[in-house]
Amino acid sequence: MEGTAVLGGLGAAPRLPWRDATIRAIRPETPSAKTLVLDVPGWPGHAAGQHVDVRLTAEDGYQAQRSYSIASRPGSPDLELTVEGIEDGEVSPYLTEDALPGDGFELRGPIGGYFVWDASRDEPVLLVGGGSGLVPLMAMLRHRRATGSTVDARLLLSARAIEDVFYREELEELAADSVDVRITLTRGEAPPGWSGFARRIDRDMLADLGPPPAERPRAYVCGPTPFVEEAARLLVELGHEPARVHTERFGPTGD
Amino acid sequence: MARISRGFRGRRRGAGEPGRLPPGQYITPDFPVLSAGPTPHPPLQGWSFTIGGAVGEGRSWSWEELLALPAEIVTKDIHCVTKWSKFDTTWKGVSVDTLLEGTEPWGEYVVAWCDGGYTTNLPLADVTGGKAWVAYEYDGEPLDPEHGGPARLLVPHLYFWKSAKWVRGLNLTAEDEPGFWENYGYHNYGDPWKEQRYWGD
Amino acid sequence: MEEGSLHTDGNAIGGVLAEVFVAEVTAAGRVCQSCGLDSQIGAHRLYTGAGFVLRCPGCGDLAAVIAALPDRNVISLHGAWSIARTSE
Chain D
1 MEGTAVLGGL GAAPRLPWRD ATIRAIRPET PSAKTLVLDV PGWPGHAAGQ
51 HVDVRLTAED GYQAQRSYSI ASRPGSPDLE LTVEGIEDGE VSPYLTEDAL
101 PGDGFELRGP IGGYFVWDAS RDEPVLLVGG GSGLVPLMAM LRHRRATGST
151 VDARLLLSAR AIEDVFYREE LEELAADSVD VRITLTRGEA PPGWSGFARR
201 IDRDMLADLG PPPAERPRAY VCGPTPFVEE AARLLVELGH EPARVHTERF
251 GPTGD
Chain H
1 MARISRGFRG RRRGAGEPGR LPPGQYITPD FPVLSAGPTP HPPLQGWSFT
51 IGGAVGEGRS WSWEELLALP AEIVTKDIHC VTKWSKFDTT WKGVSVDTLL
101 EGTEPWGEYV VAWCDGGYTT NLPLADVTGG KAWVAYEYDG EPLDPEHGGP
151 ARLLVPHLYF WKSAKWVRGL NLTAEDEPGF WENYGYHNYG DPWKEQRYWG
201 D
Chain U
1 MEEGSLHTDG NAIGGVLAEV FVAEVTAAGR VCQSCGLDSQ IGAHRLYTGA
51 GFVLRCPGCG DLAAVIAALP DRNVISLHGA WSIARTSE
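Protein chains in written order, with my numbering: chain D, 1 to 255; chain H, 1 to 201; chain U, 1 to 88.
If you are wondering where the hints come from, they were derived from the structure by calculation, not from laboratory data. A hint or two may mislead.
Pairs of lysine to any residue residues, derived as SDA-like cross-links and limited to a Cα-Cα distance of at most 25 Å, are as follows [to be verified]:
#1 Lys92(H) to Gly56(H)
#2 Lys76(H) to Pro145(H)
#3 Lys131(H) to Asp201(H)
#4 Lys194(H) to Tyr62(D)
#5 Lys83(H) to Gln65(D)
#6 Lys194(H) to Val74(U)
#7 Lys86(H) to Glu59(D)
Please build the complete structure, drawing on both the sequences and the hints.
Spelled out as structure tokens, the structure:
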């Protein structure tokens, strides 16, 4: 039966304790998103696509918890999370506006075995991300690059505007290297000379991106729930196997 | 004790007048949407609300008939078991007392049943005497589907999972019959002032 | 708020499930008791009420109800869940 995969040593970890995490550095990605570089003593390592649960505790004991995808590649010396600040959010405004290097919180992870890609897989990989859904997909692309994998990899990213695209320079490097990177902007005016798409993702865009279903790619779709459901539906409509379309929904806004 | 995140407060607000906020609750400026399943969208054409079960002769109202019943506008504080409370929420609806008028209930308990299959149980005494409504407006507007529209049960003196969304009827029962969350670890009665969140509280 | 946007999926309770099962479960398979669909837990729809409700991605029927209470987890599973043993 499909679906009994547990990653080697990582997935075998039976306990998932809450660990102390301290912010070592903060790197702005966009006007509203930041990458937090974390020190987590005892961090067991992770696979590309996994996430962590982050828990904040206030002085009076009040707690709030949210999940964030790991941005850094497996085996990287630092654990990195890229967090988009959601207006009126409970946790993300603290992480993106208030927290400073030296501050900390607790996290639990790595979590996930379904929305995971490993470079040992040799089928083509198709990545479709909406907004901050790019984060786990980037961990996958970073993993691919670091392992020297030459597997056919294609990325379609949907973002509101060019300013909202995380990791722009790195995406350009990957595009120049060996990854088919396409971006579609869905809101407002595209920048002058824009050669990407400028509309919500649709069937044609996905068909054009490929690879064709006959090549049996493994697809990873991540972002806000409506985006993921639409993209996954389109991929299945195009003929991709549902069991090979892995989805991760962030909810209405992904806070 | 968990590591404190310096300066973290979250979105909660102050506690209001002393004694107004039940123990363990926080005031939220939002109206969080919680549910056990997808939002149903029953056509109002065939919609009905039914009082049945241990009540002698049951009765049923169409949507138009429900809206034609004498309604009340009430302002209440509401308290969710997930710890958020919201003060001064305004609702329009029909009192359950009005719906039970003229019936002869011989069951002492009630199961509220809903589109989507959700159920919750309450003592009849907790939905009568001006304590409960079938509400179809919130804050002066038709009740949003995500918040339970077209109509939800409103029982503000208990934790809000008892205020069943998408309610279609009340079934009176002779025995207490635990509903959805009551079967999964949540307190059978749910008094926020006694912090009755879970079994055994 | 967009209709149909309120749910997430089984990935979001990966941490809770790992606590309950003492194993990674988002990659576990489940055959639905109602429609027979064989799919992974991460692909299931997750609704958050008082507790968590996981539903079949095919027919929407209950797959699991999980109440993560302060001192215990109360769960019910529906359908046939296949959770791999881990080697130690």
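Please list, smallest to largest, the hint numbers that this structure does not respect. 1
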